[in-house]
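Chains as they are written, first to last, in our numbering: chain A, 1 to 537; chain B, 538 to 1600.
These aren't lab readings, by the way, just hints derived from the structure by calculation. Glycine included, every Cβ here is placed at the ideal spot set by N, Cα and C. Treat the hints with care, as some may be off.
[To be verified] Reference excerpt, derived from the structure (chain B facing chain A, CB under 10 Å, subset only): (1) Gly983; (2) Leu1046; (3) Ser1152; (4) Ser1153; (5) Pro1156; (6) Tyr1203; (7) Gly1210; (8) Ser1223; (9) Ile1224; (10) Asn1231; (11) Gly1280; (12) Tyr1281; (13) Pro1333; (14) Phe1334; (15) Gln1511.
[To be verified] Listed below are the simulated DSBU-like cross-link pairs for lysine-lysine, each with C-alpha atoms no more than 30 Å apart in a straight line: (16) Lys971/B <-> Lys366/A; (17) Lys831/B <-> Lys366/A; (18) Lys594/B <-> Lys648/B; (19) Lys236/A <-> Lys1104/B.
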Amino acid sequence: MIAFLASCNDFADINVNPVRPTDLDPVNQLAYTQMRYSGDYVVPLRSAIGVTMPLLQQMTGTFTNNSGATYAYSESIYSFVWNNDFPGIVVNMVDAVERTTGIANKTNLNAMCRIMKVMVFARLTDMYGDIPYSEAGKGYISLTMRPKYDEQKNIYNDFFKELKESFTQLDASKDKVTQDQFFAGDISKWKKLANSLRLRYAMRLAKVDPPKAKSETEAAYADGLIASNADICLTKHENVQSVGTEFRGNGLTGGMQANPDPSRITTTMINLLKPENLTDPVDPRLNIITRCYYPLSPLVTGPALLTRIDITDQVATYYSNLSGNNAMSGIFGIVPGSNTLAVNSPLVADITINVPGLGNKIVAPKDQRRQVANFMQQFNTPAIHVSYSEIELLLAEAKVRGWNVGPDAAKTHYQNGIKANIEQLKLYTGAPAITGYDAFVSFKNLETGKELEQINTQLYLTLFLNPLEGFANWRRSGFPVLLPVGTTGIPIPRRFQYPQNEIDQNKENMGVAVARILGIKGTGIDSYLNRVWWDKE
Amino acid sequence: MKKIILTLFMSLAILVSAIAQQKVSGYVKDSEDVGIPGVSILEKGTTNGITTDTDGKFVLKVNSSKAIIQFIFIGMKTIEEEVKNRAVINVTMQSENVGIDEVVVTALGIKREEKSLGYSVSSIKGDDLSKSNDPNMMNTLAGKVPGLVISQGAGGISGSSRVLIRGNTTISGDNQPLYVIDGVPMVNTNDGSTGGGKFALGYDMGDGASSINSDDIENISVLKGPSASALYGSLASNGVIMITMKKGTNKNLGIEFKSTTSIEKQGTNYDDIQTTYGQGMNGVLPASVTESQKTLFYNFGPRLDPNLKVIGWDGVDRPFGLMKNNIDGFFKTGRTYTNSIAFSQIAGKTSFRLSYTNLNSKDIIPKTGMDRHTFNLSAKTMIGKNFTIDTRVVYTKEMVNNRPALADSYNNIAKSFFGLANNIDQSFFSQNYKTAAGDYIEWGGGTYNYNPYWVINDMKNKTNKDRLLGVITLNYEFSKELNLKVTGSSDQNYLNFENYNPVTTPSALLGSLEQTSRKTTTNQLDALLSYEKELSPSIKLTARVGANYFGYVNDGFSNVFTKMAVKGIVNPNSYTEKAINSVYSRKDKNSFYGILATSYKNWLYLDATVRRDASSTLPVKNNTYSYPSLSGSFVFTDAFKNLPKLITFGKFRASAAEVGSDTDPYMLDLVYGLYPFPLNGQPSGSISTTIVPNKELKPTRTRSFETGLAMKFFNNRVGFDFTYYTSISRDQINVVPAPNTSGYVSQIVNVGSISNKGVELALSGSPIRTKNFNWDIQVNFAKNKNKVVSLAEGLPFLTLASARWLGVSVVAKPGEPYGAIMGYNYQKDPSGNIILDAVSRRPIQSTAREVIGNGTYDWTGGVINTFSYKGISLTASIDIKQGGQLFSMTNMYSIARGQSTLTLGGRDEWIQSEKDRVAAGQTPASWLASGNQKGYVPQGVIKTTDAAGLVTYTPNTQGIDPTVFWGGYVIDGQGVAAPFIYDASYIKLRDVTISYNLPKAITKKLGISALSVGLVARNPLIISKKIPNIDPDSNYYNGNGQGLELGSLPSKRGFGFNLEVKL
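Generate coordinates for the entire structure from the input sequences, incorporating the hints supplied.
The following block contains the structure:
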């Protein structure tokens, strides 16, 4: 009668999931993280388009920009990067590093995972300050459900150690990592990436710990940095709509396309791109990155949005005719702080121009304002994580600070950085021909006493589509100088508050970190107006 | 027991006593005056007997005039008649489940006299369900059984209903009862729901119970509490719904035909719509196409005036007049046809019943409908004298087209429409919503709210469910005392769901097709050996031992196809990107169980059970667990003979039980998965669980205690049944949230304890009983008090569901009842006035989220009145739910968009103030500063603190723009939620049925045995509710997090006509 009952020990086999492996080569997790790092659409949609881009006064004018435009704190918008990254990519990098450590035939993979892990954590600590680091992502590995918060200073020290060790560990004669999305397993490029990240994080400490910043910068330089646009670290995204768990498309540009009438470039950014004097050479990026469009349908999203008609030249010509051939005529941004395109500032009126293919049309003020060029906001726009331009500009600053980063003058690095940024536009599909920028580049000089401002203004432009890094660099450098434009009396927010999920579930550990927070709202207050450790006044 | 006796008597019936001294003849009929063939007629205490002939007639010789004749027939109450000097004895047999000695189906399909049970069981006849004819038969039970709470929810056609017996007993389990069909437990797989997350969306695809055909149901028993269900083990820790299906009953071939036609109308209307002001914001009419599109869903414009023209979202000028019922017009009249035919026959030792039912329904939402076919065959035969074979095969096919999308879905019709400016009629959007090429044209709803006409005409979803249930029961009687029953069953469910988004659908621009296919199989084998012994004339003993194998497999695919390359052909082949995702899980369980039942003199009963389960889902070291139950019943009216006459029946009962539960498969190990698509030709993958697995899990234990008193008076004219129960579960296997910094969203652990205490009361009475007119009334009441006793250490609360807006969650929080609604409240001054922000004049939110409601009802009840006059009977049942709350985001939008009458204050003042300001050439800031601004004056106080720190509260007198005040309520993750917590209490008239049975005299002339006609009204009236615009039963989520409503479609009322013919 009991013959049909299985033995209880067979149950262990029954309870093994036949469609989900309990083991998977960690290289898959590296590739996954490289994709999701810039492909998880809600992260840039909320953190960058929602907060940092309008805070940096680069783009604004839609409801999506509201939080950053008006300095209104919104838990759900500020928490996306945290809530998606920790269980999405942090856990995979922690797990992959754990599972490749001490494995003889995975030393290169292990080093790459350690570098990727630094990139993942750096984005989080730079936004929030002290975060769970040494114990984070270990809910399964060590059953650490409520990880402690590490001081940002210690996290940074560990970054430097991890990057140095990974650099040393990488060895072209060891395991080949072909699934690598960044460099297809090119060890020399990974080595340059490790050192370049080290330079980036070293420069972050320029104010808070200058000796450390100097020594790490010099060491990173000595080990070899990204040296051309061929070395750029980027994720090549595919032409797939970014939505939900679809990570193949570029999350940031996918987020831009999600708005039927996208954000406009602000007057702040337009002014930084415009020449100081009308006779000076014009920054070619002004008319490449920013364009005017006439919408074919007032509310359409996605690639169909990009079928709108380019009317940049027609608008420019219209105003230039009015003002006597001024090359800078008819280039309008939107006043920073706007969370609606209805704001008519700077003031312009409806104009009638000949829209190509449609004839004479009335163009509303909002459509005379510059937007991000179509070719830069496609789903397959590559996500550039660390660029040669950024490295050159950081070296320029290091040189200005008198650190030992080789023989080249700060100006050389500065111009290299600007030139590299212009040239890297070629990486985008459908980029216009970019020529004749040499005159502009060679015109860009460093003025004594204004070097840091000039260099970091260029970093601000270079990091335009890497907005979380741009926000970090702006905070650590203080340049370009931005005046608050949000709700009266509120300064520009400088960090992200801890999410509700941590308040609910990890309050005790979070409380220790909150007690260390400094800034305008007072010590020990978890406010988006306070500062992270390296963001020293 | 009865079966044994019957078999015994049937074999004896061929013997006719030779020593008969008196001849008795007679006619045995049923309550419908039809003769019953095959009734065993037996002289008591002898072997003398016979059976009735095909017409129900018999002739029997008995030994003396003092002989007692027993009339025995399966399914009927046994009758005993003393012969005396009568030569003719005619009797009318009553169906077994009528009267005090009600026989109820208990666990394992064992029929027991209700009076012998130590726990509460409620019974409902199948006929009561099929009259009302709700496509989901569980809805018909609402308000009919004390302690059984049915929440219909907002699921739409063929959606599931949430069924709860005696409250929530687990924190993160599903808390749903076990369904047992003819003794075979059914896994009530939930086929898909919105989920309880913040961005809850999708479809309610029904569950196993929602597809059961009510026409095939003979009877439903509700076993409440673990004592009743201890024998089913962990599956039944939330109670059991026992469904007994119809079997063959007539000797002659019986044919039954039933038909119901009903129409469905919109049951709830958007009934709080202001009719004074139209489209626009800040009192201003939209001036351009863009402004018109952006204000489509704002009613903060100027006063409506049909002589005024307003530009439309499409550039067309239309009059700015009121469009009455501008949203309601979308809904059509629905129709439901149910037709069934059944054949049944008893021939010798074999009986069968075959039925076919078709239910065809067109919803009130255009293009939405379902079609369900049910075939049901049952057959029973006896081979030899001791061996019985009983089989049942049920096949159900259910097809649903275009289920409505719920909650935050982009294609939720109700969500797309809410707030629609009252000068615009929804029908405008049926025109020119797509290009000649079939591309979507934006209408003003953006990416997140599709044009409903695109949803119903161009998007498509299809659900196809096939279900095959086969059961074989073999019964062998070794002797009068010893019996072996072996039951084998297989329940196979196939689900195919297809969801199509055409190219240019805003959130699937390149087109997509989702296909889910799933096969869930439950195989069971059960063996039960019973031994029954009369130890002495007054002591009876029944011992049973059994073994059970339960195997469950869920196997299928959930595939997504994107980038539609061949437009118009909705098939995976038309797509260039294919994400294939295989899903599989298996769970096995082996059990042994034993029952010992004793009775003393038919007034004292004592039962003890023990069950031992081994579950594959738990770690090997913890996977075997046992649990006992003990129950007793004391029928004091039988024990004490000298009780007052007015007490007809009285029984006291008590029981205690423990039940152990397991968990879902694969919760012990970490698993990985490949990402469905390669990027740049390279694969990738990740950890594919967000729950930290746990190798140390132990079974959950639920302990319960129940006691009750049932009494009947005045010859059963009045009766009550009272129950008090408590239950507490410990070591609950719960999926509890973890900080995301752990790398996971949650973990599975043995923590937490939840307690339930409650009372149930059922009253029955027959105020009027005359020859032709009867009035019966049943009243039931149940109150459950639930408390979350503890959660995991360091866990302040556990979120059961999250709302899209205002940071509202439904939580389990220690010290609070399960399902507390948490959100921001008002900040108030010491005298209770709302504190307003000094600048915006809007209410300030509390510093932290507070408990501001509970989605679970305090008490529920029902009243059923039945009137019968000759052949006509009228039944009306009322369903009452009181004391629960609902966070209504539909009403929040109605207010924030100026649709609600609540938003009328200060509109004219604001419009005039703006006119004056423009005339005076002032800026808004200077106008406000000069004190001239008028508008809506929010009630509340402004808090000021002077230099000395003295706080004063001054009543607000400043008027502000109504658009800004009301529009400011919709905030993501924060904002005062208290105003949108509504009392969800209601009293509903659930169903009213009138039926008329044609007199026998007429049916005989027509050549049929019975004919009845009836009228039915389903949910005809909400007698009382406190929430505007929607049905209080509008939870979009059918899981544990009850109390959230967003974009609910109107509920429905149905009116129908029944015809039932028996040949």
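Now for the hints, and whether the structure bears them out:
1. Gly983: Gly983/B check passes; min Cβ-Cβ to chain A is 6 Å, inside 10 Å.
2. Leu1046: At about 4 Å, which falls below the 10 Å cut-off, the nearest Cβ of chain A leaves the hint on Leu1046/B intact, so it holds.
3. Ser1152: 7 Å, holds
4. Ser1153: Given a least distance of 4 Å, the restraint on Ser1153/B holds.
5. Pro1156: 8 Å, holds
6. Tyr1203: For Tyr1203/B, the interface hint holds, since the closest Cβ of chain A sits about 4 Å away, which is under 10 Å.
7. Gly1210: 5 Å, holds
8. Ser1223: With a minimum Cβ separation of about 5 Å from chain A (threshold 10 Å), the hint on Ser1223/B holds.
9. Ile1224: Since the shortest Cβ distance to chain A is 6 Å, the answer is holds.
10. Asn1231: Result: holds, 9 Å to nearest chain A Cβ.
11. Gly1280: Holds, because the Cβ-Cβ distance from Gly1280/B to chain A comes to roughly 3 Å (cut-off 10 Å).
12. Tyr1281: 4 Å, holds
13. Pro1333: 6 Å, holds
14. Phe1334: Constraint on Phe1334/B satisfied, holds at 7 Å.
15. Gln1511: Since the shortest Cβ distance to chain A is 6 Å, the answer is holds.
16. Lys971/B <-> Lys366/A: Distance ~26 Å between Lys971/B and Lys366/A Cα, so the pair holds.
17. Lys831/B <-> Lys366/A: The given pair, whose Cα atoms are some 15 Å apart, holds under the 30 Å limit.
18. Lys594/B <-> Lys648/B: Satisfied, since the Cα-Cα distance of roughly 29 Å is no more than 30 Å.
19. Lys236/A <-> Lys1104/B: Distance of about 29 Å is within 30 Å: holds.
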